[in-house]
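Go ahead and model the full structure; you've got the sequences and the hints to work with.
Sequences listed follow chains A, B, C and D, in order.
With the working numbering as the guide, the letters of the first sequence map in order to residues 1391 to 1587.
With the working numbering as the guide, the letters of the second sequence map in order to residues 1391 to 1587.
With the working numbering as the guide, the letters of the third sequence map in order to residues 1391 to 1587.
With the working numbering as the guide, the letters of the fourth sequence map in order to residues 1391 to 1587.
Since the hints were derived computationally from the structure, they do not count as laboratory data.
In this text, a Cβ means the ideal position worked out from N, Cα and C, and glycines have one as well.
Cut-off 27 Å, straight-line C-alpha distance, at most; resulting in silico cross-link-like pairs (DSS-like, lysine-lysine):
id	chain 1	residue 1	chain 2	residue 2
1	B	Lys1532	B	Lys1460
2	D	Lys1532	B	Lys1532
3	C	Lys1460	C	Lys1532
4	A	Lys1532	C	Lys1532
5	A	Lys1532	A	Lys1460
Pulled from the structure, derived: some chain A residues nowhere near chain D, Cβ distances all over 10 Å:
id	residue
6	Pro1398
7	Arg1438
8	Pro1455
9	Ala1457
10	Phe1530
11	Thr1561
12	Glu1563
4 protein chains.
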Amino acid sequence: MHDSPPEPLRVLGIAGSLRRGSLNRGLLRAAIELAPDHMVITPYEGLRAIPPYDGDVEAEGDPDPVADLKARIRGADALLIVSPEYNYGIPGVLKNAIDWVSRPPRTSPLSHKPIAIMGASTGNFGTARCQLALRQTFHFTKSYVLIEPDVLVVRAAERFDDEGNLRDEATREHVARLVESLERWVRGLRAGAIIPD
Amino acid sequence: MHDSPPEPLRVLGIAGSLRRGSLNRGLLRAAIELAPDHMVITPYEGLRAIPPYDGDVEAEGDPDPVADLKARIRGADALLIVSPEYNYGIPGVLKNAIDWVSRPPRTSPLSHKPIAIMGASTGNFGTARCQLALRQTFHFTKSYVLIEPDVLVVRAAERFDDEGNLRDEATREHVARLVESLERWVRGLRAGAIIPD
Amino acid sequence: MHDSPPEPLRVLGIAGSLRRGSLNRGLLRAAIELAPDHMVITPYEGLRAIPPYDGDVEAEGDPDPVADLKARIRGADALLIVSPEYNYGIPGVLKNAIDWVSRPPRTSPLSHKPIAIMGASTGNFGTARCQLALRQTFHFTKSYVLIEPDVLVVRAAERFDDEGNLRDEATREHVARLVESLERWVRGLRAGAIIPD
Amino acid sequence: MHDSPPEPLRVLGIAGSLRRGSLNRGLLRAAIELAPDHMVITPYEGLRAIPPYDGDVEAEGDPDPVADLKARIRGADALLIVSPEYNYGIPGVLKNAIDWVSRPPRTSPLSHKPIAIMGASTGNFGTARCQLALRQTFHFTKSYVLIEPDVLVVRAAERFDDEGNLRDEATREHVARLVESLERWVRGLRAGAIIPD
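Below, the structure written as structure tokens:
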């Protein structure tokens, strides 16, 4: 007899930048490549279509792009957020999407969702403040944010090639460790009945 | 002889919520009413039209709503930000507008701009975390954020009427003090040559 | 046959204030009373004796009060931190103790330790900023901080009697919920092999 | 006729680390050396003697080391805080001193005091989170924290010699710019009557 292969894990990857050449989109692509066979990370491509959050609009029903994002989050075992830092904080574009899907609190698909966070910056700080702000926000939504490893890619220009692909081997290993840690996190939270199976 | 009246002060008021009945829009209206004669607070009504920030779009030139907001900020002596808190942070809609006008850093109209912050919540915390996050962001933009008084309106439903107008006298006095303090702040920063006249 | 009673759970309770009449010490006493039979919350009484953190002193070996606190944390299944907020942050006295026991990072007893946080304030904000700062610090130490319920006791003077005992029934239920949630958290993290058994 | 020399400026420099070889103490020494002739930065050497903050002790009168620190702050035109980051936050030793001198709020010597912040780390982040936490705390105390330049010295081991003296020329220029900026800040706040002369 032998072990059956693990249940496949579906992860929704959300890049916080809309720019085509974004290093953070490249960092997400690296995670997709480095994920083990039984983990599928699907990049979310609808961020641009999310309208500005407005409680009056919400009262008439979620706009289609919001309903679609909520369904994708609900259907995912975990989220992987890969974001630049703007102005010592979360990009407004990304935060606006979080604001929509956090509503209403009791039925938000973010509630009890396992989440991993990464980020890359061209400078020295590797999105340190943005990641803290994301953790603060995901505490409000009662999400389960992975605690290690922290992946803060500093001086990213040295580590990515001209097509925005991550080439630096040490950083790739770091990303691979985060992806594996996310899998243990999801399976552990379920095995411990902290989140539903 | 007598003193000439003070130079009029133009303040751009930005509410962080798009909802028509927003308490924070009501709080901004209160500030407009309570401002002294020589201070004109104009509410910014274009937030909904600001597109999602995208560096590729920016590279082709600011979209009209962004150019308009930058011009309004440049033409104002100060900003008054009145915002709800979403998910322990800044509403994405508001942060997205800040992300646009913060660019490029060297010529951003936020640089050295005096800013006052207020907020109201129906619960107990009066946007405490959002205000801290705004201060953190406006530190990055090198703006001069007023340090007192803090205006955090808690349990706002008790203080506003059904039309969303601020009725509570103590809170109105608090708002009036903030507006006066903002004026001294702007005039003081100029008199001290901390910001250009 | 019948279920055996659950393994007893030992929790170290740490109040962030040294003041005898501290509301936060009273809040910790309430948790001790409200804990189920098989959970023993022991208040830590040594905070005052922890010397100021100094890397040169540390290099010569942990002072006795530090070694004692490390042993108590190691011997506990979880921590319960009950702290006032000082100056929008963590009381220095409490942070200094955390700084000591966080060292060295690889063998810190805080690493992977389950932690719950509560706080009370006489004003409106219920230690909101201190709790966020504690979460940020305990992210660095790779501790597992409970995500719900948040217990932020506002306007505490209305809820405690003159001896500093928590009398407000709704708040007592809130504290009881936190204590129960902490138990599920510890047992879940172990059952899921997220922390060692 | 000629300009009279500027009034001398007295700055109290406070290092957040007690370690003799601390890089942050070295960074403070660099600021002392680089200050212009008419600015005297005096290092505060009493941090170790500040007792743990306790409201009951305070009620009986400030302990001597606290009274001494309050007097030094009152006698200074500005503070220069140079601190490491511990556990994504302010060193408890430093925060404890701030907690004492912040009391009571109405007469605290921190109120309206101009303050500059710097920090150095051996790693990549240059005390980014500690500086944000200090800004948050000094907002509570209504202090006037300098907004630019930010001095976050990353990978400090490359920049200091074995005696802990700052050798890196670019960093020394950065420190010199901060010191000059602090002087303009103090003189500007006074000229603008934002703080008393």
